[in-house]
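S.K.: Please model the entire structure based on the sequences and the hints provided.
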Amino acid sequence: MTQTTEFDAIVVGSGISGGWAAKELTEKGLRVLMLERGKPLQHGADYKGEHMAPWDIPLGGKPPRELYEEQYPVQSTSYAFDETTRHFFNNDRDNPYTTAVDKPFDWIRADVLGGRSLLWARQVYRWSDLDFAANKKDGHGIDWPIRYKDIAPWYSYVEKFVGVSGEKRGFKHLPDGEFQPPMEMNVVEKAAQKGIESSYDDRFMTIGRVAVQTQARNGRGACHYCGPCQRGCSVGAYFSSQSSTLPAARNTGRLTILTDSVVEKLDYDAATQRISGVQVIDSNSREKRVYRAKLVFLCASTVASTQILLNSTSATFPRGLANRSGALGRYLMDHTLGTTAYGIMPGFDDKYYSGNRPNGIYIPRFRNVDGQDTDVDFLRGYGYQGGARRLGWKEMSGRISGFGKEFKNSLKKPGPWIMYLAGFGEHLPDANSRMTLDKTKVDSYGIAQVKFDSAFGDNENKMRKDIATEGEGMLNAAGAVMVGSMIGSGPPGAGIHEMGTARMGDDPTKSVLNKWNQAHDVPNLFVTDGACMTSSSCVNPSITYMALTARAVDYAVTQLSAGNI
Amino acid sequence: MVNRRELIKWASVALGTGLSASLQQALAAGVDSTGKHDFFTVEQATMVSVISELIIPTTDTPGAIAAGVPDFIEAMVADWYTAGEREIFMMGLAQLDKHCLTQYKTVFSHCDAVQQSSALSWSETQSKHYRGADLLGSMGSDAPFFTKIKELTVLGYYTSKIGATQELRYNPMPMAYNGDVNFSDLGRQWSY
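Chains as they are written, first to last, in my numbering: chain A, 1 to 565; chain B, 1 to 192.
One should not assume that every hint holds.
[Said to hold, decoys possible] Listed next, with one range per pair, are the computed distances between beta-carbon atoms: (1) B:Gly187 - A:Ser198: 33 to 39 Å; (2) A:Gly170 - B:Asn171: 55 to 61 Å; (3) A:Tyr79 - B:Val42: 54 to 60 Å; (4) B:Asn171 - A:Ser156: 33 to 39 Å; (5) B:Gly187 - A:Lys103: 49 to 55 Å; (6) A:Lys413 - B:Met91: 31 to 37 Å; (7) A:Ala45 - B:Leu101: 54 to 60 Å; (8) B:Met91 - A:Gly219: 56 to 62 Å; (9) A:Tyr79 - B:Ser118: 55 to 61 Å; (10) A:Gly446 - B:Ala78: 38 to 44 Å; (11) A:Thr256 - B:Gln166: 50 to 56 Å; (12) B:Ser118 - A:Gly347: 36 to 42 Å.
Think of the hints as simulated: they come from the structure by calculation, not from any bench. Computed from a predicted structure; not experimentally measured. Beta carbons are placed, not taken as given, at the ideal position from N, Cα and C, and that holds for glycine.
M.R.: If you want it as structure tokens, here you go:
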């Protein structure tokens, strides 16, 4: 123990939020220490799966099943997990957690510098006041302390740096952003769009708004349409901490990064009412160190940030740091995922595409937009991500009988066009959906393991049925045949949009953070990752974390300069 | 010293007097073997080579053997298959030989091309009860022998350099997305 170094600010975590915190803080002149529990990773050089040819991928791309079952049973459920990306992910065996009986939770975690910003699906959608006012309107959860007007300029600020491609459509509840030229819908998606938009007054389809550049800018390249972004992109066409915020922060000369550094807890000094130190365990040597700074930005991810706070007990905060309200660990949310409608789109057998577009289409929420719909038996709503493509040889070969020349020649041609719509449903905030620390079980660092106790409720299950029914209806309107659907049954966490557990609010007795992402009771503590979320909306959350982080840093540095922190 | 791969090549050619010309040629040309696997006996390896080439033969593009599929199958059966899957596969090979002994009074590898093709068709009929691939094209662990060897042949072939670049189209750096292309201008599907 010992070795103390002075910094102006400490940022815990290097993912989407941590990267933004480091960039903003260093650019405002602060000396920043970034602590990352994962391994070092060099942009480009360590993307060993990037552009890997099919013939170089082990086992023809089949999963090494024994290894995954033993060491990656949770991580391997992620769509982004395979042998080209495994080196980015957490090893489940070495990083255990528990759940309440019969309440599974998928905690997907990266284990490298850059975190899940390397692995995210890059979809970018602004929230609107339909989202920020939702809790107040129907009484689930507490009111957000902010509205769209508070965050709108910060959305613009981060989008300009991120590089978001998309199409401006003027949807009132899905605001347009600062867009680079949109990616193109394919010929079948355009037909589906026409079919859907001409059949419904309130349903629209647009190309996915995605943090993948269609124009080179700021030293980052434009997308070259190789396809699997999650393997890493050495030209930095998609936004990650590695491609974007960390280089910007490094350029200031004021960023120090320590990887393999597990934050165990934060020390609280009751006399100053401030965090006085950050306790760190070196994951290689197991040596313990304490680092000190005026400001602490907790950006370790929804669950990991709250784990650190719950583990930081003191006489003042026996239930966890900044947890006077008792809300810490509660109101854990995700999005329902996996409910999908699909169908075959006939009439385009002579049409195909070239390039592997890392993006799909989006259908914004249409349920309960102007008040509660009378024919809908759930609150709030959902949106769809989807797309059209032709089935490939892998999917078709098992459906074509026989063998020999005719069989081989039949696989020269792609299969039918399919179109699918996958719903993302809002998850109501609920005090009983929570995470705690299981003091009886510790990890290899001696830190109490996270215990999840969360399940989707009646509202989410009703919504899933509607996602399937309406998805089928829209595919029929789009001209699809053989339309079907499946109701997703994935547990919370599987959407990898976990949110809440240290929510924002105006009332310190009901919330952990104020409207600036600052802990009500600990002025030098800011939490700007998904933990801060007071509700979940139905749109992908990352761009909101980025905007909130930049906004929080602006406030924190102003307060620091004014001598208030 | 003659390595095992050479032995299989030799055995295939020596045995295969009744084989089709293209199959004989493919077997004689052999493949670049890593020599890592010796799970199959020479007889079994020969059978697997012949079957893979029957499933994806040499046409205007190279077939399964030239693409290294027999090695791929051996590696998957030896290292990737579960014990249960392996048993189904090995039993399937044995049953195919047994079928040939009954029908043609000789083992599969000694049959002529017409007999081998008929025998493989028989094997396919034995798999007709199977429900088939899931949505993503993966076969279940309990899939019967023919389904299994066809799946491995297809996977090995279309993920090989020959399969991906000569039979299908492969372009790791397309540089653009065009969502309205005439298939006739491409003629072959993308390998991804």
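S.K.: Give me the numbers of the hints this structure contradicts, sorted from smallest to largest.
M.R.: Of the numbered hints given earlier, those the structure breaks are 2, 3, 9, listed in rising order.
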